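Undergrad: Below are the chains, spelled out letter by letter.
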Amino acid sequence: MTTSRSRRAIGAAALLTAGLVLSACGARVDAAGAGAPAAAPSCVDTSGNEIKVGFLNSRSGTMAISEKTVYDSLSLAAEQINAAGGVLGKQLEIVAEDGASEPTIFAEKAQKLIRSDCVAAVFGGWTSSSRKAMLPVFESNNSLLFYPVQYEGLESSKNIFYTGATTNQQIIPALDYLKEQGVTSLFLVGSDYVFPQTANKIIKAYGAANGIEIKGEEYAPLGHTDFATIVSKVRDAGAGAVFNTLNGDSNVAFFKEYRNLGLTPATMPVISVSIAEEEVGGIGVDNIVGQPVAWNYYQTIDSPTNKQFVDAFKAEYGANRVTSDPMEAAYTSLFLWKGMVEKAGSFDVAAVQAAAGGVSYDAPEGTVTVNGENHHIAKTALIGKIGADGLIHTEWTSGQPIEPDPYLKTYPWASGLAS
Amino acid sequence: MDVLVTQVFNGLSGGSILLLAALGLALTFGQMGVINMAHGEFIMAGAYTAYVMQNVLGAAGLSLLVSLPIAFAVGGVLGVVLEATLLRRMYHRPLDTLLVTWGVSLVLQQLARDVFGTAGVDVPAPAWLSGPVEVLGFSFPRTRLFILLLAVAAFLALAAALRYTALGRRIRATVQNRPLAETSGISTRATDRLTFFIGSGLAGVAGVALTLMGSISPNLGTSYIVDAFLVVVVGGIGQIRGAVIAAFLLGVAQSWIEYSTTASIAKVLVFALIVAFLQVRPQGIFTVRTRSLA
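Chains as they are written, first to last, in full-length UniProt numbering: chain A, 1 to 419; chain B, 1 to 294.
Check the hints yourself; a few may be wrong.
[Said to hold, decoys possible] If you want the ones that stay clear, here's a sample from chain A, every Cβ over 12 Å from chain B, calculated:
id	residue
1	Ser-42
2	Cys-43
3	Phe-255
4	Gly-281
5	Lys-343
[Claimed, not checked] Just the calculated beta-carbon pair ranges, DEER-fashion:
id	chain 1	residue 1	chain 2	residue 2	range
6	A	Ala-208	B	Ala-73	53 to 59 Å
7	A	Leu-391	B	Leu-99	40 to 46 Å
8	B	Val-133	A	Ser-360	55 to 61 Å
9	B	Leu-95	A	Gly-281	36 to 42 Å
10	B	Gly-168	A	Asp-389	48 to 54 Å
Simulated from the structure, these hints should not be mistaken for lab results.
Note that the structure is a prediction, hence the values are computed from the model and not measured.
All residues carry an ideal CB built from backbone N, CA and C; glycine is no exception.
Produce the entire structure from the sequences given, and follow the hints as far as they go.
TA: Right, dumping it as structure tokens:
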């Protein structure tokens, strides 16, 4: 998904300092990358009773708000796997690194996890910029990254497994839902960076093919806090619904403004793709109750597997904690890796890649299956509504898992988008 | 006409938010030349004060009003602690001050993360502030009207205090000529500390108001600190009325440009306007006339 709130210039000297830090990090990554041979032999040690895996999440900086939750659910998954006998009889030994909300640090720490710690696989990343920064590191070292967040699609690497939704598993189902509800016009509001821009391209192409008029399109800089003008424009345009791809704290300001101007889900619903259970509390239930969201997992899913997951999570981290889609996707990713390794009978990257296709796991969201071609997973789309309890309740479901299609090749109206 | 009224109101409202965030800074930055990067975190402390008060008192209508003076005290105490422990030692080293206060701001953010958690929290607007007021067919959000009034009230109170009280006279004397103020028997140490208390306290008040507008999270302050400095620099360092004019000018400019372009372009153009303005008038809208040779 997404990126952090913008790093804003904090005065000339602060910028200078930050610039120095950044360029220093960049230099180190480059040096390490250049120093490593093109396809260095893997240094993963499989001789002992333990196998190392890396967790790489931002536990400091602006993204810590989101990524700490992913780290928590990854830790829970590792604990459960170890308690049940580990992977191929080996206990997982976690090497946790902090990505510090900086793409360059993600790349640097990924390099460290692969080359110095010799981990068998890395789990983590959140922003698209962190994933893009890590991609060449995993490709040049031929190692594996499991990325747990929904994102803008148009990517497929043999060294990355994407366990969050791609666009045809989240955005297109959201549009199908709106169409079924009789919505004939949309207003697009998003943060000004890659995910919303790409998502809106897809939405506009879908609209053109399905007779949905786009009444307006507005982008706010990341971290934007004053939505008076944008919400005035939304109100005056009078669309049937708003498609919201805002990220982070901007959502809070947007929804407060929306409600303060007297707009409601009944008159003009706002469907969001970046607001999960964790974010509802910060926005304020009153400001967002009744609004629809699109994901593949909600804490309220009524299944024994999900109940176990939610209960275990609350037992570990406290009864007031909630579980959300990216957390579930991260939790699932560790079990999927376990499934791949056990199917391959080896921790070897090439063997795991060869075995990946068809590996399936009974996840809290339902059964998911790895696509061996594009390394995404088939998952069911769910449209939910935010309830007065602050949780999200399923309103609509795609009924069955949707095959991942990151380049939207199976949608005739989307031809030309992937170029 | 509709657009004119709406956008002028949105601009004034945006300006009032800028003014609240910058008013305290106009005092500390202007009075003592202290570049306090932790000012944004004092705003954050004010916002969390409103959150705590709401949990203590329950009733949202009352707790918001009660929070205002308490947040003033919280912000003020934080400011005095910072002044007494660190800033006092580096009044003539602006670059060191900048780095030290930036460090303090990071520490305060992490502290907030550890105490209140990484996820944002919510302070619901009281019933008497939710929804819009309809005037002649236009709807104005009550929260924005409240903030506008609060900003104007805070400015008037500060201006009156500076003009009519003994403390205000001491502050103005110290700003205009520190050595002469000292030789006249003014304790500039005590004046500095009090000024810092008031300036930081105003940040706390701003924090309470901002709970009505946006998110309350540990990095709340970083969203406002740059804009606050811009307002002070454009207004003219050490000038309260300059800050008022600058805040409303920037607010209206932002909302007008944003209406006809986009939010991102408006931000860029406003920055460009500021740069151009400072080329012509580097001292800002107003300057302090001083007889000191320094």
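Undergrad: Each hint: holds or not?
TA: Okay, the hints, checked on the actual structure:
1. With 12 Å as the threshold on Cβ separation, the claim that A/Ser-42 sits away from chain B holds: the shortest Cβ distance comes to roughly 35 Å.
2. At roughly 34 Å, the least C-beta separation between A/Cys-43 and chain B is larger than 12 Å, which holds for a residue marked as non-interface.
3. Non-interface status of A/Phe-255 relative to chain B is broken: a Cβ of that chain comes within 12 Å, the nearest being about 10 Å off.
4. Not every C-beta of chain B lies more than 12 Å from that of A/Gly-281, the closest at about 6 Å, which undercuts listing it as non-interface.
5. For A/Lys-343, the shortest C-beta to C-beta distance to chain B comes to about 36 Å, beyond the 12 Å cut-off, and the non-interface label holds.
6. A hinted range of 53 to 59 Å holds for the C-beta pair A/Ala-208 and B/Ala-73, which are about 58 Å apart.
7. Distance hint check: the CB atoms of A/Leu-391 and B/Leu-99 are about 44 Å apart, consistent with the given range 40 to 46 Å.
8. Take B/Val-133 and A/Ser-360: their Cβ atoms lie about 57 Å apart, and the range 55 to 61 Å holds.
9. Under the hint 36 to 42 Å, the C-beta atoms of B/Leu-95 and A/Gly-281, about 40 Å apart, fit the expected range.
10. In this structure the supplied range 48 to 54 Å holds for B/Gly-168 paired with A/Asp-389, their Cβ-Cβ distance being about 52 Å.
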